[in-house]
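**Q** In case you want the letters, here they are:
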Amino acid sequence: MSQPLLQVKGLRHTYMRGTPLEHTALHGVDMYANKGECVAIIGHTGSGKSTLIQHFNGLQLPESGQVVIDGVDLSQPKLNVKELRKKVGLVFQNPEDQLFEKLVGDDVAYGPFKQGLPLEQVVEQVKWAMELVGLSFEEMKDRATYALSGGQKRKVALAGVLALRPKILVLDEPTAGLDPKSRKELLERIRYLNRQEQLTVIFVSHNMEEVAYLADRVYVMAGGCVVCSGTPREIFGNRSVLEEHQAGAPETVEILYRLYDRGFDVKPDAFLVEEAAQEILSVLPGIRR
Amino acid sequence: MEKGLTVRKIVIAGVLGAIAILLGVTRLGSIPVPTAAGNATIMHIPTVIGGIMGGWGVGLVIGLIFGVSSFLNATIPLFKDPLVAILPRLFIGITAYLTYVGLKNVNQYLAIGAAGFIGSITNTVLVLFMAVVRGYFAPGVAVTVAIANGIPEAIVSVIITLAVVAAWMKLGSAGKKKSRISG
Amino acid sequence: MAGEFELTRNITIGQYLPTGSVIHRLDPRYKLAAYVIIVIAIAMCSSYLGNLVALAFCLWLFWQSRIPIHYGISGIKPAVPFIIILGVLQLLFYGGIATGGTVYFEYAFVKITSASIKLVIVSAVRFVEIIFISSVLTLSTSTTQLTHGMERLLSPLEKVKFPVHTFAVVITIAVRFVPTFAMEMEKMMKAQASRGAEFGTGEWWRIVKRTKDMFPIIIPLFNVAMTRAEDLILAMEARCYTPGAARSAYNHYRAAARDYAALAVGILAALILLIVPDPL
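Residue numbers (the working numbering), protein chains in the order written: chain U, 1 to 289; chain X, 1 to 183; chain H, 1 to 280.
These are computed hints drawn from the structure, not numbers from a lab. Quantities reported herein were computed from a predicted structural model and do not represent experimental measurements. Heads up, the beta-carbon is just placed ideally off N, CA and C, and yes, glycines get one too. You can trust all of the hints, since none of them are fake.
Cβ pair distances, simulated, as ranges:
{"no.": "1", "chain 1": "X", "residue 1": "V125", "chain 2": "H", "residue 2": "M183", "range": "34 to 40 Å"}
{"no.": "2", "chain 1": "X", "residue 1": "V125", "chain 2": "U", "residue 2": "V81", "range": "38 to 44 Å"}
{"no.": "3", "chain 1": "H", "residue 1": "L52", "chain 2": "U", "residue 2": "G28", "range": "51 to 57 Å"}
{"no.": "4", "chain 1": "H", "residue 1": "M183", "chain 2": "X", "residue 2": "Y109", "range": "31 to 37 Å"}
{"no.": "5", "chain 1": "H", "residue 1": "M183", "chain 2": "X", "residue 2": "L87", "range": "31 to 37 Å"}
{"no.": "6", "chain 1": "X", "residue 1": "L87", "chain 2": "H", "residue 2": "I272", "range": "21 to 27 Å"}
{"no.": "7", "chain 1": "U", "residue 1": "G230", "chain 2": "H", "residue 2": "A235", "range": "42 to 48 Å"}
{"no.": "8", "chain 1": "H", "residue 1": "V88", "chain 2": "U", "residue 2": "G177", "range": "51 to 57 Å"}
Below, in silico cross-link-like pairs of lysine to aspartate or glutamate (EDC-like), each with a Cα-Cα straight-line distance of 20 Å or less:
{"no.": "9", "chain 1": "U", "residue 1": "K114", "chain 2": "H", "residue 2": "D213"}
{"no.": "10", "chain 1": "X", "residue 1": "K178", "chain 2": "U", "residue 2": "E138"}
{"no.": "11", "chain 1": "X", "residue 1": "K178", "chain 2": "U", "residue 2": "E120"}
{"no.": "12", "chain 1": "U", "residue 1": "K114", "chain 2": "H", "residue 2": "E198"}
Covered, in the sense of this in silico footprint (three residues per stretch, anywhere, with C-beta under 8 Å from a C-beta of chain H), are these stretches of chain U:
{"no.": "13", "stretch": "51-59"}
{"no.": "14", "stretch": "96-103"}
{"no.": "15", "stretch": "106-117"}
{"no.": "16", "stretch": "159-170"}
Pulled out of the complex, with its shape left as it was, chain U reads as follows (with noise of 0.2 Å):
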């Protein structure tokens, strides 16, 4: 792994520029992603989160510093958005809104048929994305979108990014607005997608529940800058972090720091559901006792 799939250095983002209302979004970020990683970026609302994702598929261009996504340069002038935009797949907010065809199938056929494939490769590509996330293609795609549920549409979209056969999945809050069913069944889905189908996936989270369940590595935004980054684990240990950003941090490093202030001797890191499990049991003969 000598070249990261991704590679963002020293990147700004100015909006308005030369207007009284400019307002810059991103002051020199940098990041990366290895193929087959998954990252999450943490971060209040106005941190540049959106800002930075949009760079992926050259929705914005950098204004200064690098963007490279597998050996492609953004910053180059004669720059193919098409093609970058095959690579890196992008799924925005409720994207459910995204569907405007009124057949399942159409929709997500939507970009195949934009990229000029031939109608066997269409179909091949829109079975493959349909029963990635979880929708039976036979039984779904003659459905009309508008009678689907909420959860539904949304795996419809992400079916209309996902066909596209994109080398990097970004999302920005992929489960917001979602019932707990639908968002549980989600997260299985891009993790196996990240973990069975090497996708390498970055996604923008305000719940850390899904930044400790699918994460490889996190990195905390703020101001416009990465103000810190990191294995989950590092970033969740790290108290001084989460609280200056106002971050939060997943329900079992909350209860493993309060064991802590009680004097208990916990690794407050454990966050991992059964790991906190184990360090909570640790302590308990304390108690009994």
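Could you slot chains X and H onto chain U? The hints should help.
**A** Chains X and H in isolation, oriented as in the chain U frame:
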């Protein structure tokens, strides 16, 4: 229209008015197809849809919002004249509504499509008529523009009105029950 | 390219620019009334002298409102090509219709007369005036004030059963939702571009195809609007909003001497424009 404006009609007029304003201030308001102006406007379509969905009152109000917004945002002298920018727009929703009501018992799709067509033609004809009356265009120029601009715009209007209203009324797809990829 | 999707950011209808001038402090009812009267007068005024007076009046308004003149000029700039094209068209084709005046040039169907030249100049100047005066109005009055002012101005129409208040509610809703829909639209354009959408490509003569190219944005935009509408209907009904019911107002406007003066100035200016002699 039964007993004045209901909450539903007020809100529908409001959101469609918002879209009319939005289409007016962004480039999304026009589709680049061959016309005299180089593109076809779709800014009047929310008014047409309002007329179909909410009756003539809703159509009239959205038409007024569309007219005032196009007057305030105008970058061509023609539409900085309130008599050209506002007055003709009041009738778009009304003619669309009348067309829809007149034909809806024949066939829903036909009625919606025809309303889209007539609403668009109302816009073209009345705006150009006022333009001639106010001395911006000679009648010959106006007739040329009416044909070169009005026909493509009416076609665009039919397509979009049908798609949006059919989706809203959940009419389902006419005759098309299988997706393109179903072979 | 980088700004491809930024068009919808920060949309403002009217860009309120608070300078605290006399014009800003005017009662919106009177300001709006004066504005309407003057715009109608400008639209009807077709003499050289009248338009000169109107132009001077507009500049005086800018000075009074302490709004930099470049705000008005920036509204004219994009229109210059249109003014020129329209002017040429009027010049070439209107000579045959606008009767009277001296004929300066005649060849085939082209006929340039003093009347057609006047038409060209007056419609261009009239345009500039309306841009200027509208800029002063929208830069010196917030959208809320405008809506209130309009509601009060139209209130006599309640007598003939015209639902003025309801109408004001519709406008408030429309104005409220423009930024929301603008953001939705921006998101939609980006999301569809991510899926490989391209807008306005394909052969130029294929109207149907080019229209359908817009579906990925247009259809979701209307759908989002409908969803929002349903939510709002529910919220309004839950709070027992009754269309047409008698309502009290939070804001009360009381006209002062300067408001009457403003209206008087407006009427006076309009009268001058209409009765000014036309020596040509």
